[in-house]
Structure formats: C-alpha cells, structure tokens
Amino acid sequence: EHDLMFSSMFASFSLVLVLVGMLGLASTVTTNVLERTKEIGILRTIGATGARLFKMIQMEGLIFVLLSWFFSIIAAVPLTLLFNGMLENILKIQSLAFIFDIQSVFVWLAIIVGTGSAACCFPAYKALTINTKEAIQTL
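For the sequence shown, the residue numbers in our numbering are 2 to 140.
Note that these hints are calculated values from the structure, not bench results.
Don't be surprised by glycine CBs; every beta carbon is placed ideally from N, CA and C.
Heads up, a few of these hints could be off.
Claimed, not checked - Quick list of simulated restraints, FRET-style, between CB atoms:
(1) L129 - M10: 38 to 44 Å
(2) I47 - P79: 45 to 51 Å
(3) S9 - S73: 16 to 22 Å
(4) F101 - M23: 24 to 30 Å
Whenever a hint applies, use it, and build me the whole structure from the sequences.
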C-alpha cells in the first residue's frame with residue numbers, strides 16, 4: 002500500500018518536472034534563437050532552407066535533453082537513496098524497496114526526447130519567421 006502511494010506521488014512529481022522542463026527548454030531555446038537572429042539571417046542568405054534551420058534548432062534542443070538525461074542518471078541513485086532514508090525516518094517505516102530499473106531509464110529517455118522535441122517546435126518555428134533582410138541589415 003505504501004509502495005503504491007509513493008509510486009503515485011513520485012509519478013506526479015515526474016509529470017510536473019516534465020512540464021517545468023519543457024517550459025525551461027522552450028524558454029532557453031527561444032532565447033538562443035532570438036540572440037542568434039543575425040546568424041540565422043546569414044544562414045538564410047547563403048541558402049539554408051527552413052527545414053534545415055528547423056532541424057538545427059531541434060538538434061540543439063536534443064543536445065540539452067540528452068545532457069540533462071545523462072546527468073540526471075548520475076544524480077538519481079545517490080539522491081534516491083538519501084530521500085529513501087529520510088522517508089524511512091520521517092514515516093517510521095521498515096524499509097522502502099530501492100530498485101534501479103534500467104528499462105525505466107530508457108522509458109524516461111523516450112519521454113524527454115519526445116517532450117523536448119515538442120518544446121523546441123515553437124522556437125524552431127520562430128527561427129523560420131525571422132525576416133532575412135531585417136536580420137542582416139544591422140551587420
């Protein structure tokens with residue numbers, strides 16, 4: 002019964018983290034696109050297609066996603082053990098089962114790659130709407 006309660010609680014936390022992560026990634030990539038307006042204008046001038054720019058922005062977002070996934074795996078085990086011990090002390094229960102499920106690691110990867118790609122769609126679209134002439138006028 003406790004395991005189901007904690008699983009539900011942590012699944013809820015995970016959902017909130019995914020949503021916050023999507024907002025953070027979208028904000029970061031949008032800022033990156035706005036700061037690189039001139040560069041995008043130059044790329045468009047030398048022949049970069051909309052599809053290529055879209056793919057470039059998506060790949061930059063994917064790099065952020067993969068780095069966050071990698072570092073979260075490194076931090077997950079010690080933090081989980083720490084919080085497990087704290088919950089045992091607070092709730093005065095025997096022992097919470099700690100299971101490192103490699104399948105869950107890759108499910109999480111699939112979830113964040115999907116949501117990361119979705120979060121990068123707006124910034125990538127924003128890059129496509131940059132007026133080439135206006136972007137390079139200030140050079």
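Comparing the hints with the structure gives:
1. L129 - M10: 38 to 44 Å: 41 Å, holds
2. I47 - P79: 45 to 51 Å: The hinted range 45 to 51 Å holds for I47 and P79, with Cβ atoms some 48 Å apart.
3. S9 - S73: 16 to 22 Å: 21 Å, holds
4. F101 - M23: 24 to 30 Å: 26 Å, holds
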